[in-house]
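There are 2 protein chains.
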Amino acid sequence: MRIPLDRDSKTPLYRQIEASFRKAIESGSLPPQTRLPASRRLASDLGVSRITVEEAYAELVADGLIASRPGSGTFTLPPCSLWPRRGTDETSWPLWQEHLRLRKELFERGKTEPAAVRRLIPLGTGLVDSSLFPIGDFRKALARAMRRDGAGAFDYSEESGYEPLRRTIVHVLASQGLQTDARNVLITAGSQQSLALVAQLLLSPGDTVVVESPTYSVALELFRAFRVQCVGVPTDEDGMQVDALEKVLQQRHPRLIYTMPNFQNPSGVCLSAPRRRDLILLADRYNAPILEDDFVGDLRYEGRAQPALKTLDPGGRVVYMSGFSKMLMPGLRIGFLVAEGPVYDCLVSIKRVNDLASPNLVQRALDLYVSVGRYQAHLRRCCRVFRERRDAMLEAIARRLPADCRLTRPRGGLFVWLRLPKSLSATSLLPVAHKEGVTFAPGPAFFPAREEGEPFIRLNFAAFSPEVIEEGIARLGRAMRRACGAAHGAK
Amino acid sequence: MRIPLDRDSKTPLYRQIEASFRKAIESGSLPPQTRLPASRRLASDLGVSRITVEEAYAELVADGLIASRPGSGTFTLPPCSLWPRRGTDETSWPLWQEHLRLRKELFERGKTEPAAVRRLIPLGTGLVDSSLFPIGDFRKALARAMRRDGAGAFDYSEESGYEPLRRTIVHVLASQGLQTDARNVLITAGSQQSLALVAQLLLSPGDTVVVESPTYSVALELFRAFRVQCVGVPTDEDGMQVDALEKVLQQRHPRLIYTMPNFQNPSGVCLSAPRRRDLILLADRYNAPILEDDFVGDLRYEGRAQPALKTLDPGGRVVYMSGFSKMLMPGLRIGFLVAEGPVYDCLVSIKRVNDLASPNLVQRALDLYVSVGRYQAHLRRCCRVFRERRDAMLEAIARRLPADCRLTRPRGGLFVWLRLPKSLSATSLLPVAHKEGVTFAPGPAFFPAREEGEPFIRLNFAAFSPEVIEEGIARLGRAMRRACGAAHGAK
Numbered sequence: 064m065r066i067p068l069d070r071d072s073k074t075p076l077y078r079q080i081e082a083s084f085r086k087a088i089e090s091g092s093l094p095p096q097t098r099l100p101a102s103r104r105l106a107s108d109l110g111v112s113r114i115t116v117e118e119a120y121a122e123l124v125a126d127g128l129i130a131s132r133p134g135s136g137t138f139t140l141p142p143c144s145l146w147p148r149r150g151t152d153e154t155s156w157p158l159w160q161e162h163l164r165l166r167k168e169l170f171e172r173g174k175t176e177p178a179a180v181r182r183l184i185p186l187g188t189g190l191v192d193s194s195l196f197p198i199g200d201f202r203k204a205l206a207r208a209m210r211r212d213g214a215g216a217f218d219y220s221e222e223s224g225y226e227p228l229r230r231t232i233v234h235v236l237a238s239q240g241l242q243t244d245a246r247n248v249l250i251t252a253g254s255q256q257s258l259a260l261v262a263q264l265l266l267s268p269g270d271t272v273v274v275e276s277p278t279y280s281v282a283l284e285l286f287r288a289f290r291v292q293c294v295g296v297p298t299d300e301d302g303m304q305v306d307a308l309e310k311v312l313q314q315r316h317p318r319l320i321y322t323m324p325n326f327q328n329p330s331g332v333c334l335s336a337p338r339r340r341d342l343i344l345l346a347d348r349y350n351a352p353i354l355e356d357d358f359v360g361d362l363r364y365e366g367r368a369q370p371a372l373k374t375l376d377p378g379g380r381v382v383y384m385s386g387f388s389k390m391l392m393p394g395l396r397i398g399f400l401v402a403e404g405p406v407y408d409c410l411v412s413i414k415r416v417n418d419l420a421s422p423n424l425v426q427r428a429l430d431l432y433v434s435v436g437r438y439q440a441h442l443r444r445c446c447r448v449f450r451e452r453r454d455a456m457l458e459a460i461a462r463r464l465p466a467d468c469r470l471t472r473p474r475g476g477l478f479v480w481l482r483l484p485k486s487l488s489a490t491s492l493l494p495v496a497h498k499e500g501v502t503f504a505p506g507p508a509f510f511p512a513r514e515e516g517e518p519f520i521r522l523n524f525a526a527f528s529p530e531v532i533e534e535g536i537a538r539l540g541r542a543m544r545r546a547c548g549a550a551h552g553a554k
Numbered sequence: 064m065r066i067p068l069d070r071d072s073k074t075p076l077y078r079q080i081e082a083s084f085r086k087a088i089e090s091g092s093l094p095p096q097t098r099l100p101a102s103r104r105l106a107s108d109l110g111v112s113r114i115t116v117e118e119a120y121a122e123l124v125a126d127g128l129i130a131s132r133p134g135s136g137t138f139t140l141p142p143c144s145l146w147p148r149r150g151t152d153e154t155s156w157p158l159w160q161e162h163l164r165l166r167k168e169l170f171e172r173g174k175t176e177p178a179a180v181r182r183l184i185p186l187g188t189g190l191v192d193s194s195l196f197p198i199g200d201f202r203k204a205l206a207r208a209m210r211r212d213g214a215g216a217f218d219y220s221e222e223s224g225y226e227p228l229r230r231t232i233v234h235v236l237a238s239q240g241l242q243t244d245a246r247n248v249l250i251t252a253g254s255q256q257s258l259a260l261v262a263q264l265l266l267s268p269g270d271t272v273v274v275e276s277p278t279y280s281v282a283l284e285l286f287r288a289f290r291v292q293c294v295g296v297p298t299d300e301d302g303m304q305v306d307a308l309e310k311v312l313q314q315r316h317p318r319l320i321y322t323m324p325n326f327q328n329p330s331g332v333c334l335s336a337p338r339r340r341d342l343i344l345l346a347d348r349y350n351a352p353i354l355e356d357d358f359v360g361d362l363r364y365e366g367r368a369q370p371a372l373k374t375l376d377p378g379g380r381v382v383y384m385s386g387f388s389k390m391l392m393p394g395l396r397i398g399f400l401v402a403e404g405p406v407y408d409c410l411v412s413i414k415r416v417n418d419l420a421s422p423n424l425v426q427r428a429l430d431l432y433v434s435v436g437r438y439q440a441h442l443r444r445c446c447r448v449f450r451e452r453r454d455a456m457l458e459a460i461a462r463r464l465p466a467d468c469r470l471t472r473p474r475g476g477l478f479v480w481l482r483l484p485k486s487l488s489a490t491s492l493l494p495v496a497h498k499e500g501v502t503f504a505p506g507p508a509f510f511p512a513r514e515e516g517e518p519f520i521r522l523n524f525a526a527f528s529p530e531v532i533e534e535g536i537a538r539l540g541r542a543m544r545r546a547c548g549a550a551h552g553a554k
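As they're listed, the protein sequences go chains C and W. Okay, so the first sequence: first residue is 64 according to this note's numbering, each after it adds one. Okay, so the second sequence: first residue is 64 according to this note's numbering, each after it adds one.
Do not rely on the hints blindly, as some may be mistaken.
Coverage of chain C stretches by chain W, computed from C-beta distances (three or more under 8 Å per stretch; other residues unrestricted) [said to hold, decoys possible]:
#	stretch
1	186 to 194
2	228 to 240
3	501 to 509
4	529 to 540
Hints listed in this document are in silico derivations from the structure and should not be mistaken for laboratory results. As the structure is a prediction and not an experimental result, all values here were calculated from the model. Don't be surprised by glycine CBs; every beta carbon is placed ideally from N, CA and C.
Hey, can you work out the whole structure from these sequences and the hints?
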């Protein structure tokens with residue numbers, strides 16, 4: 064135990080020791096029934112006499128803060144609840160802390176939506192239904208990894224990630240039409256870290272990054288936190304408007320193009336094949352790296368599969384990122400990047416200085432779980448379930464929401480992106496919906512220029528059963544009608 | 064499956080499909096015995112006729128790349144090994160990739176030392192002995208967390224970390240004399256991420272950071288990767304020379320002071336009590352945040368315990384970091400920060416954009432494992448074992464190394480920091496030692512000005528049994544004598 068003692072102080076040492084324990088007990092940081100060190104031991108730790116420690120303990124006993132039990136030691140008692148806890152608000156912060164208050168970009172952020180409180184239906188969630196996770200199989204994989212690898216499962220993994228898992232990822236990608244090599248795969252702590260590593264490597268404060276408008280909200284938070292300018296390129300039913308992109312490339316010289324070509328978050332649209340080729344050509348012409356976020360590229364429910372941009376890459380133009388979070392357990396925090404050339408080596412270095420490597424045990428268990436066949440089977444099951452849920456949501460929307468709601472039928476992914484009736488805004492609708500027992504992801508979070516998002520909301524169909532979807536959309540319909548007032552007669 | 068098809072190309076579609084599979088099989092990314100999609104399914108995925116797919120498959124069958132097994136499907140065969148694999152070295156990289164080659168700071172980095180190859184004794188390792196890890200107990204904690212929490216164990220945790228674990232950390236810290244609150248604790252992916260988050264928040268390219276000279280090598284890598292200037296303050300047997308620090312604060316206006324006051328890595332020294340108070344006062348006077356890295360503060364084998372700088376903090380001056388990696392399993396990648404005020408909120412935001420949150424299951428299992436009592440018991444056991452190993456190493460050094468090796472007897476921690484005889488340098492000694500079957504951590508990696516490290520090497524006593532230490536130091540002695548030539552007659 065280490066207690067700060069001031070040997071030059073007028074306060075006797077035993078009083079200083081007593082005060083330290085008193086503070087810990089009253090603040091609750093030493094909970095009741097905590098055993099205190101024996102006086103002999105503490106005296107030696109602090110370099111004081113044993114009598115000094117015993118005097119301090121005697122004061123605490125007298126004040127009812129600790130008690131000794133013969134034969135088993137000295138223990139803390141519950142603190143007297145009449146003592147006020149000192150708030151930290153009164154502290155005067157150093158100047159550098161006051162400056163941090165001005166870093167507004169760090170405080171403007173979405174809140175992770177709490178899980179269903181008071182039977183709220185959180186249609187705004189970005190997650191999928193955890194009841195679909197193959198938890199039993201994964202638990203077996205964990206146990207097998209520990210049995211097989213012993214202490215090795217708890218050591219650091221290679222910096223680029225556990226090699227067998229990288230090979231497994233290569234096989235999964237090959238079965239999806241993307242060919243790469245384990246030497247070009249970097250395991251990350253989920254897609255968010257993939258984004259963060261690329262941003263740390265390629266962007267400096269003041270740089271410009273091109274994003275789709277709308278785009279993934281936490282990517283916008285990330286770029287803002289790194290003090291990077293986000294320029295949005297509008298999207299339509301064929302994805303990013305690539306001709307608008309060219310103007311941005313000419314005028315703004317962005318250092319990165321961040322895109323989700325498949326079932327984009329939040330809009331659900333896919334980039335068309337001709338635009339994919341144009342995007343690669345433009346990025347090459349203007350010397351801008353592409354970061355392809357393929358977060359749900361294989362959750363397709365109808366229509367033709369589009370190749371990843373990465374498969375069109377003539378070499379080293381595209382950094383590809385994906386992960387397992389949407390299909391498997393998001394709390395595992397495992398994703399990956401695919402890249403070639405100097406950028407790959409630099410990303411490994413950046414990963415190393417960020418956290419040395421991702422947790423080894425989880426990587427080993429995931430590798431045992433994800434064989435191509437098992438993963439594909441789980442994927443097929445997810446597709447079947449999510450297609451049904453999408454249909455349920457589209458059908459409920461048609462029946463339950465005002466007729467002037469507009470949407471593009473998503474052919475895959477997790478989300479319906481809804482344009483509200485003209486008289487409504489996402490921000491004003493949210494509290495009304497909350498009262499009705501349903502929430503959604505409001506549009507502004509997804510736009511570089513937040514106000515452009517007011518006409519939109521994002522709904523997740525993949526996380527709920529058709530029955531819950533039906534009820535959630537019914538509540539949303541009631542909320543919309545209440546918010547619109549009597550103007551809308553839609554049923 | 065997604066294969067890029069060019070419908071305007073003169074190459075027929077079946078040839079394009081065939082070429083894509085051929086490339087995947089020959090490159091090894093589709094391994095032998097992979098089942099190909101049924102032709103009907105692939106045709107629908109790609110929006111081509113079934114006959115087109117069948118033609119492509121027929122070509123691959125004819126070339127011996129795939130084979131069909133009646134009743135079970137079409138499978139890949141081992142690729143013909145006569146086909147050369149196309150290297151990626153010939154690729155012409157885009158210009159932005161060529162620029163990355165110039166980011167030298169990202170390529171100058173230490174290599175994680177491989178585990179004992181060819182009976183090498185890697186005395187340079189930064190890890191402790193994995194045979195001490197309580198793996199059985201931790202496995203039980205994992206199983207219990209999954210049983211108790213079901214799918215909840217696999218969801219995202221709170222951004223600041225799993226709340227019960229933060230409370231447990233508060234109790235552990237209180238039992239060590241540091242009082243805080245769970246609202247001031249942030250769970251990170253190990254100490255490396257703690258460092259990275261603080262650096263991302265407080266430092267921009269071109270800023271100056273104060274470090275001890277020598278200091279933790281991967282911290283130097285991190286600051287260099289972030290293009291931050293490192294200014295070293297010399298250390299002696301009482302730790303950082305705080306009067307030298309004042310000059311640096313006046314002249315360089317650093318944005319951060321990074322310090323390890325207890326059993327410093329690599330030197331093993333502790334900052335004296337008067338210097339601790341001076342450091343806090345100086346940091347306050349010059350408005351510089353202190354990052355206190357207390358990586359092994361409780362691995363003390365003798366002498367008086369020093370309070371953490373954080374306990375002397377009048378409020379919001381010190382960001383404290385520690386973790387479990389050294390005492391428990393490093394591959395778990397769980398560490399924590401303690402901070403108050405705006406800096407805490409900003410660090411949570413930076414953590415969120417970096418990876419959303421640390422893996423939930425691991426946090427829950429760790430919380431179940433680390434009760435104050437169990438952790439303290441494990442700590443006591445580690446201290447007993449490591450003290451014995453330290454003594455073994457000091458004794459072996461006295462007997463086996465040239466008499467003009469100099470060292471400060473470490474009173475805790477993991478390392479002996481050795482000054483080599485004048486005629487030797489770490490860099491030239493390393494290959495000789497390697498040939499003798501022992502390695503060490505060479506000094507230059509630990510100094511902001513690398514060349515200042517040539518007289519030093521770091522040896523780890525905590526990772527090896529006394530027998531292995533004896534043998535390792537014997538080999539090191541032989542290497543030194545060989546490197547010195549006949550000049551040294553020391554036995």
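Each hint tested on the structure:
Check on the stretch 186 to 194 of chain C: 3 of its residues sit with their Cβ under 8 Å from a Cβ of chain W, so the three-residue criterion for coverage holds. With 7 residues bearing a CB less than 8 Å from a CB of chain W, the stretch 228 to 240 of chain C meets the requirement of three and the coverage assertion stands. Counting residues of the stretch 501 to 509 of chain C whose C-beta lies closer than 8 Å to any C-beta of chain W gives 0; at least three are required, and the coverage claim is violated. Residues of the stretch 529 to 540 of chain C with a Cβ under 8 Å from some Cβ of chain W number 0, which does not satisfy the need for three, so the listed coverage is violated.
The earlier numbered hints that this structure contradicts are 3 and 4.
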